[in-house]
Amino acid sequence: MDEQDLVDIEVKHGDSDGVMDSYSSGIADFSFHRQTVIANRLLAGQPDTELRSLLGVDEDQVKLLEHQVNAAHRALFDMDGKALLADEVGLGKTIEVGMILKEMHYRQTDGSVLILTPAQLAKQWQGELREKFGMEFVCNYDDEFQAFGAHDRIIASIDTAKSERHMASVLARDWDVLVLDEAHYVKNEETDRYDLIKKIRCDYAFFLTATPIQNELTDLYNIVSLLRPGLFGSRDTFHQYFVNSSQQTLVNRSELQRRLGQVMIRNKRADTNIDFTERIIDTRTFEPNEAEQELYEAVTDYVRAAYTEDQGQKLVLMLLQKEVVSSPAALEQTVRKKLDDQQVITHDNELETILDKIDAVESVTKQERLFDIVEEVRERVEMGRVIIFTQFRATQRQLLEALDEQGYTTHAFHGGHSSHEKENIVDQFREDGGVLVSTDAMNEGRNLQFCNIMVNYDLPWNPMKVEQRIGRIHRIGQKRKVYIFNMGLKGTIEEYVLERLYHKIDLFQQTVGELSTILTRMEDSGKTFEDEIFDRLVNAGSEVDLENDFDSMAIDLEKQQDLSQKVEQFNSGVFEGFDLGADDD
Amino acid sequence: MTDATHAVTQSAIEAIAREYLKGLGGTIREDGRQWNVSLPAHVDVEFSDRSEFEIVLDSEESETEEASRLLTPESEFTQQLLTEAAQMATIGEVALTADIIDRNYTPPSWITAGDSEVIDATFTPYYDKTAICLFVKVGVETVSKYQTQFLEAVAVDLESESILPRIPSILLSKFFAPRNVPRVDSSVDADPSVSSEKLAMVITSGQEYAVEHLEGDIDELRRSASESAGSEFEEYRQLQEQRIPELQNEINSIADRIQKLADKVDTADSEQQRVEALEMRSELKAEKQQAEAELSEILQEKESGYSQKKEDIYDRHATEVTTSPIAITFVNYERGEAEFTIGNGKGTVALRAPYAIGAGVTEDVRCQNCSETLSESNPVCVTSDGQKCQTCR
Numbered sequence: 041m042d043e044q045d046l047v048d049i050e051v052k053h054g055d056s057d058g059v060m061d062s063y064s065s066g067i068a069d070f071s072f073h074r075q076t077v078i079a080n081r082l083l084a085g086q087p088d089t090e091l092r093s094l095l096g097v098d099e100d101q102v103k104l105l106e107h108q109v110n111a112a113h114r115a116l117f118d119m120d121g122k123a124l125l126a127d128e129v130g131l132g133k134t135i136e137v138g139m140i141l142k143e144m145h146y147r148q149t150d151g152s153v154l155i156l157t158p159a160q161l162a163k164q165w166q167g168e169l170r171e172k173f174g175m176e177f178v179c180n181y182d183d184e185f186q187a188f189g190a191h192d193r194i195i196a197s198i199d200t201a202k203s204e205r206h207m208a209s210v211l212a213r214d215w216d217v218l219v220l221d222e223a224h225y226v227k228n229e230e231t232d233r234y235d236l237i238k239k240i241r242c243d244y245a246f247f248l249t250a251t252p253i254q255n256e257l258t259d260l261y262n263i264v265s266l267l268r269p270g271l272f273g274s275r276d277t278f279h280q281y282f283v284n285s286s287q288q289t290l291v292n293r294s295e296l297q298r299r300l301g302q303v304m305i306r307n308k309r310a311d312t313n314i315d316f317t318e319r320i321i322d323t324r325t326f327e328p329n330e331a332e333q334e335l336y337e338a339v340t341d342y343v344r345a346a347y348t349e350d351q352g353q354k355l356v357l358m359l360l361q362k363e364v365v366s367s368p369a370a371l372e373q374t375v376r377k378k379l380d381d382q383q384v385i386t387h388d389n390e391l392e393t394i395l396d397k398i399d400a401v402e403s404v405t406k407q408e409r410l411f412d413i414v415e416e417v418r419e420r421v422e423m424g425r426v427i428i429f430t431q432f433r434a435t436q437r438q439l440l441e442a443l444d445e446q447g448y449t450t451h452a453f454h455g456g457h458s459s460h461e462k463e464n465i466v467d468q469f470r471e472d473g474g475v476l477v478s479t480d481a482m483n484e485g486r487n488l489q490f491c492n493i494m495v496n497y498d499l500p501w502n503p504m505k506v507e508q509r510i511g512r513i514h515r516i517g518q519k520r521k522v523y524i525f526n527m528g529l530k531g532t533i534e535e536y537v538l539e540r541l542y543h544k545i546d547l548f549q550q551t552v553g554e555l556s557t558i559l560t561r562m563e564d565s566g567k568t569f570e571d572e573i574f575d576r577l578v579n580a581g582s583e584v585d586l587e588n589d590f591d592s593m594a595i596d597l598e599k600q601q602d603l604s605q606k607v608e609q610f611n612s613g614v615f616e617g618f619d620l621g622a623d624d625d
Numbered sequence: 137m138t139d140a141t142h143a144v145t146q147s148a149i150e151a152i153a154r155e156y157l158k159g160l161g162g163t164i165r166e167d168g169r170q171w172n173v174s175l176p177a178h179v180d181v182e183f184s185d186r187s188e189f190e191i192v193l194d195s196e197e198s199e200t201e202e203a204s205r206l207l208t209p210e211s212e213f214t215q216q217l218l219t220e221a222a223q224m225a226t227i228g229e230v231a232l233t234a235d236i237i238d239r240n241y242t243p244p245s246w247i248t249a250g251d252s253e254v255i256d257a258t259f260t261p262y263y264d265k266t267a268i269c270l271f272v273k274v275g276v277e278t279v280s281k282y283q284t285q286f287l288e289a290v291a292v293d294l295e296s297e298s299i300l301p302r303i304p305s306i307l308l309s310k311f312f313a314p315r316n317v318p319r320v321d322s323s324v325d326a327d328p329s330v331s332s333e334k335l336a337m338v339i340t341s342g343q344e345y346a347v348e349h350l351e352g353d354i355d356e357l358r359r360s361a362s363e364s365a366g367s368e369f370e371e372y373r374q375l376q377e378q379r380i381p382e383l384q385n386e387i388n389s390i391a392d393r394i395q396k397l398a399d400k401v402d403t404a405d406s407e408q409q410r411v412e413a414l415e416m417r418s419e420l421k422a423e424k425q426q427a428e429a430e431l432s433e434i435l436q437e438k439e440s441g442y443s444q445k446k447e448d449i450y451d452r453h454a455t456e457v458t459t460s461p462i463a464i465t466f467v468n469y470e471r472g473e474a475e476f477t478i479g480n481g482k483g484t485v486a487l488r489a490p491y492a493i494g495a496g497v498t499e500d501v502r503c504q505n506c507s508e509t510l511s512e513s514n515p516v517c518v519t520s521d522g523q524k525c526q527t528c529r
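Keeping their order, the protein sequence lines are chains A and B.
Every position in the first sequence, counted from 1, becomes a number in the working numbering once 40 is added.
Every position in the second sequence, counted from 1, becomes a number in the working numbering once 136 is added.
Hint data in this document are derived by calculation from the structure and do not stem from the laboratory.
All C-beta atoms, glycine included, are put in the ideal place defined by N, C-alpha and C.
Some clues are possibly wrong.
[Stated by the list, open to error] Coverage of chain B stretches by chain A, computed from C-beta distances (three or more under 8 Å per stretch; other residues unrestricted): (1) 145-152; (2) 331-340; (3) 355-364; (4) 459-472.
[What the hints assert, rightly or not] Only pairs whose alpha carbons sit at most 20 Å apart, straight line, appear in this in silico EDC-like list of lysine to aspartate or glutamate: (5) B:158 with A:587; (6) A:52 with B:419; (7) A:521 with A:322; (8) B:400 with B:419; (9) A:308 with A:619; (10) A:52 with B:348; (11) A:544 with A:572; (12) A:530 with A:444; (13) A:52 with B:355; (14) A:52 with B:500; (15) B:446 with B:377; (16) A:52 with B:423; (17) B:334 with A:55; (18) A:52 with B:344; (19) A:52 with B:512; (20) A:163 with A:184; (21) B:446 with A:48; (22) B:438 with A:45; (23) A:505 with A:619; (24) B:310 with A:55; (25) B:438 with A:276; (26) A:52 with B:356; (27) B:396 with B:423; (28) B:265 with B:500; (29) B:446 with A:42; (30) B:400 with B:377; (31) A:505 with A:42; (32) B:445 with A:45; (33) B:334 with B:297; (34) B:334 with A:57; (35) A:530 with A:619; (36) B:445 with A:182; (37) B:446 with A:184.
[To be verified] Calculated from the model, a selection of chain A residues having no Cβ within reach of chain B, i.e. all distances over 10 Å: (38) 45; (39) 48; (40) 62.
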């Protein structure tokens, strides 16, 4: 910067009257003078910048990594609580924010916190903050959620927050902390989302994204300007000074790094010690026996017909379709309940037929083949503890019974246990070994690194749930290879989901975080992944149609995955050579 | 010159609070994370109107005990207590002796830069000297970054007015560390006798030194203020540039409307219509004049590079550095002679040098062999013939 561009500087030496007066009254006793000097040292000192809340973090629930602690520290103390956390995918940005919020809570500076996320991730955020940091937030999808003015700690989808119904109440208050996940979605200054974030009043703000730049370098300007207006000067100045004419690269890089370093933290995978062990995927599909095949067809026909007549019962129909491939026991329970509940009797004949067909299933193929898998891996893998996941309690009960009969040591884990009981179950499993059969309630914050074999007995239609299941055993701290077995019945929806969707995006091999970037890219369609699957199933006119529909969904997914990888690579290129990671000080 | 700030840790504030309350004659009964404090009846403190009160050390517990005072780094009570203590005794005195520094005498660079090691060091005090250690608060204020505070400690010899750079850090660690009450007797036999005029003069030079020492930090703040000013000016400039075509369009459009009204005046059917058109035309003319005046003003500004606005903005962002002396410690330090015994594989030699506790070797020393002045670039060497230097070796 040239001398003429610098503001004037004026030095004023204050008079010494105060100390001179004290001098004329004599020299004080040393102990009092010592206290005076120390008090002055502390008054002028920076508040303690240790992350004092770390002692309160349960290491069993979350393993804090050095780069995460550094990032939280810098965001809080070096960046005055306004930071863009832009680590590469999979390095734990959510954990960094968790630490920041925990520390702010400890220091009582978090009176009101608003976390805005893409819709699909809101509940996941809520779960992670609860499990890993013991912090309770209300989510806009919870029944207890009333309004943005009614709670102090809220996790909400950004689109809910900007909706006509809620926007005024979001803007009506002063928030202490604003967290914005996937911040690249506010890159465009002409959108409602951008407008909302710009108008929210808050003391501290933390934005998260692995890819601050989506299309063009102006995206970076827009996001950073929301956090630190004026850091890059005006839009034109930014363009003239930092962006080359082709819009592809940044220039004046050292000055840009200096300014970005005041607000942005970007850890790179290569600079961290994160090292995951190998993950071995074994997907096995089996021919259903005749009775199972008939049962599957009857249920699918029923679901299609019932949905065509009344789309309002979508959830229960979706449930039936998932249960039929999990176990006849799970299906039976729901069918009976539906028959009992039905006020207006419709399709009762079909439901009765389904019950007959359930009775006709004498042997359950998946269950029989499960024994093969369990036996095989326990022979092959040392200390072979096995965790089997199913979505349904009825399936769980049946599996436990069957495994008990075969003489296995078994453990059951489901949402009905108290948290103390859950802890005991995990301890028992760790000590006694054997087979743990769990519902997805296990997602709630249990780490099972001591186990390295997982069986997906049935598969959630929400890939985030699959990622969470895998995350229970394949996480930092797992020292052995991880084996994941997926089971499916051939010719069923399960096979489509497994083979055509999940394998297409390499779901089972993805690092944590990758999936959310793909899914949030799809979110603009307004439909959840489960809806997409169900709609294809019920609307397909023929087997061929169904195959084609799933193929086109897979192509979409691959496209999004490809795009998200390209954007990731582009960002890596743009920030190549920038040191925005751990502080050297 | 030394940064005298101390990180506000929980243990530091607990230590100073304990010392301060006991110094007031109070007693503290510590019960886990709670203190029950009792002060003598005659003691008057700002932070409590009762002589018996509780202090809680944990923010988690404080939520249940409204009446308690919370002693944590950011709490209001901590600020009150520190503010009171900070004004209590701004002038003090210490003696800096060989014992204070545990007889660890600092060898000069002309020894450490050579290949010999210090085997032994002794010190013989001859007389006492007096310096002041001045604690100066330095504030740097800009519009964009409200205020940045520094606390600098500067030691100045009262007689020679020379700066004694090592003394502040010794004082801070040996006398003024929150959890480290001095082990040795720090009392001084006689109070310093220095005239007010002399003291005031030395204080002023201490303030100037403090600012010099902070030059790097101040420059950084000035640069950041300049960036803010630059971007504010740039935004203003762009706004004006946008305004120019807007005003030109506005003027053209008013001119069109005036022309249309002129036609209307000529072709008016009635007197009333003509009067209305004339009134309207006169209003529009005034509006046009106003827009033209605004445009002309902007164009003039543009011609000068918006210099006036730029000056205004840069003035507003100007950096102001203020200093204020807040405490003084008189330091009695011993001067005398140090003897360093140094050696390497070839032999040992003893070297004597004028020395002051806290200041180190105070005068130049020459090579006994060639009389060249010893320095970091001309260190002393031990040879089989005795002492030499780099030059005569």
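Each hint tested on the structure:
Counting residues of the stretch 145-152 of chain B whose CB lies closer than 8 Å to any CB of chain A gives 5, which reaches the minimum of 3, so the coverage claim holds. Here the stretch 331-340 of chain B counts 5 residues with a CB under 8 Å from a CB of chain A, which clears the bar of 3, and the coverage holds. Against chain A, the stretch 355-364 of chain B contributes 6 residues with a C-beta closer than 8 Å to a partner C-beta. That satisfies the three-residue criterion, and the hint holds. For the stretch 459-472 of chain B, the assignment as covered by chain A holds, since 8 residues bring a beta-carbon within under 8 Å of that chain's beta-carbons and 3 suffice.
The suggested pairing of residue 158 of chain B with residue 587 of chain A is violated, with an alpha-carbon distance near 82 Å, which exceeds 20 Å. Between residue 52 of chain A and residue 419 of chain B the CA atoms are separated by roughly 54 Å; this puts the pair beyond 20 Å, and the hint is violated. At most 20 Å may separate the alpha-carbon atoms for a hinted pair to count; residue 521 of chain A and residue 322 of chain A meet this at roughly 13 Å. For the hint linking residue 400 of chain B to residue 419 of chain B, the alpha-carbon distance of about 15 Å falls within 20 Å, and the restraint holds.
This hinted pair checks out: residue 308 of chain A and residue 619 of chain A have alpha carbons roughly 10 Å apart, not beyond 20 Å. Between residue 52 of chain A and residue 348 of chain B the alpha-carbon distance is near 13 Å, which keeps this suggested pair within the 20 Å criterion. Annotation: proposed proximity of residue 544 of chain A to residue 572 of chain A holds, straight-line Cα distance about 16 Å (limit 20 Å). Only pairs whose Cα atoms come within 20 Å are accepted, and residue 530 of chain A paired with residue 444 of chain A is rejected, the gap being roughly 27 Å.
For a cut-off of 20 Å, the pair hint linking residue 52 of chain A to residue 355 of chain B stands: about 16 Å separates their Cα positions. Proximity of residue 52 of chain A to residue 500 of chain B is assessed by CA-CA distance (about 37 Å); at most 20 Å being required, the pair is judged violated. The hinted pair formed by residue 446 of chain B and residue 377 of chain B meets the criterion: a straight-line CA distance of about 15 Å does not exceed 20 Å. Using a Cα cut-off of 20 Å, the hinted pair residue 52 of chain A and residue 423 of chain B is violated, with the two alpha carbons roughly 49 Å apart.
At roughly 14 Å between alpha-carbon atoms, residue 334 of chain B and residue 55 of chain A fall within 20 Å of each other, so this suggested pair holds. The hinted pair formed by residue 52 of chain A and residue 344 of chain B meets the criterion: a straight-line CA distance of about 10 Å does not exceed 20 Å. Note on residue 52 of chain A and residue 512 of chain B: the hinted pairing is violated, with a Cα-Cα distance of about 38 Å set against a maximum of 20 Å. Distance restraint check for residue 163 of chain A and residue 184 of chain A: the Cα-Cα separation of roughly 14 Å lies within the 20 Å cut-off, and the hinted pair is therefore satisfied.
Distance check on the hinted pair: residue 446 of chain B and residue 48 of chain A sit about 13 Å apart at the alpha-carbon level, within 20 Å; holds. Note on residue 438 of chain B and residue 45 of chain A: the hinted pairing holds, with a Cα-Cα distance of about 18 Å set against a maximum of 20 Å. For the hint linking residue 505 of chain A to residue 619 of chain A, the alpha-carbon distance of about 35 Å lies beyond 20 Å, and the restraint is violated. With a C-alpha separation of about 29 Å, the suggested pair residue 310 of chain B and residue 55 of chain A falls outside the 20 Å cut-off, and the hint is violated.
With a C-alpha separation of about 18 Å, the suggested pairing of residue 438 of chain B with residue 276 of chain A holds against the 20 Å cut-off. With a C-alpha separation of about 18 Å, the suggested pairing of residue 52 of chain A with residue 356 of chain B holds against the 20 Å cut-off. Distance check on the hinted pair: residue 396 of chain B and residue 423 of chain B sit about 16 Å apart at the alpha-carbon level, within 20 Å; holds. Using a Cα cut-off of 20 Å, the hinted pair residue 265 of chain B and residue 500 of chain B holds, with the two alpha carbons roughly 19 Å apart.
Distance restraint check for residue 446 of chain B and residue 42 of chain A: the Cα-Cα separation of roughly 15 Å lies within the 20 Å cut-off, and the hinted pair is therefore satisfied. Distance check on the hinted pair: residue 400 of chain B and residue 377 of chain B sit about 35 Å apart at the alpha-carbon level, beyond 20 Å; violated. Restraint check for residue 505 of chain A and residue 42 of chain A: not satisfied, since their Cα atoms lie roughly 56 Å apart, outside the 20 Å limit. Restraint check for residue 445 of chain B and residue 45 of chain A: the C-alpha separation of about 14 Å stays at or below 20 Å, so the hint holds.
Distance hint between residue 334 of chain B and residue 297 of chain B is fulfilled; the C-alpha atoms sit about 10 Å from each other, no more than 20 Å. Restraint check for residue 334 of chain B and residue 57 of chain A: the C-alpha separation of about 14 Å stays at or below 20 Å, so the hint holds. Our distance criterion of 20 Å between C-alpha atoms is broken by residue 530 of chain A and residue 619 of chain A, whose separation comes to about 51 Å. The hinted pair formed by residue 445 of chain B and residue 182 of chain A fails the criterion: a straight-line CA distance of about 53 Å is larger than 20 Å.
For the given pair, residue 446 of chain B sits about 54 Å from residue 184 of chain A by alpha-carbon distance, which is inconsistent with the 20 Å threshold. The beta carbon of residue 45 of chain A sits about 6 Å from the closest Cβ of chain B, which is not more than 10 Å, so the claim that it is off the interface is violated. Not every C-beta of chain B lies more than 10 Å from that of residue 48 of chain A, the closest at about 4 Å, which undercuts listing it as non-interface. Taking the minimum C-beta to C-beta distance to chain B, about 5 Å, the non-interface status of residue 62 of chain A is violated against the 10 Å cut.
Checked against the numbered hints listed earlier, the structure breaks hints 5, 6, 12, 14, 16, 19, 23, 24, 30, 31, 35, 36, 37, 38, 39 and 40; every other hint is satisfied.
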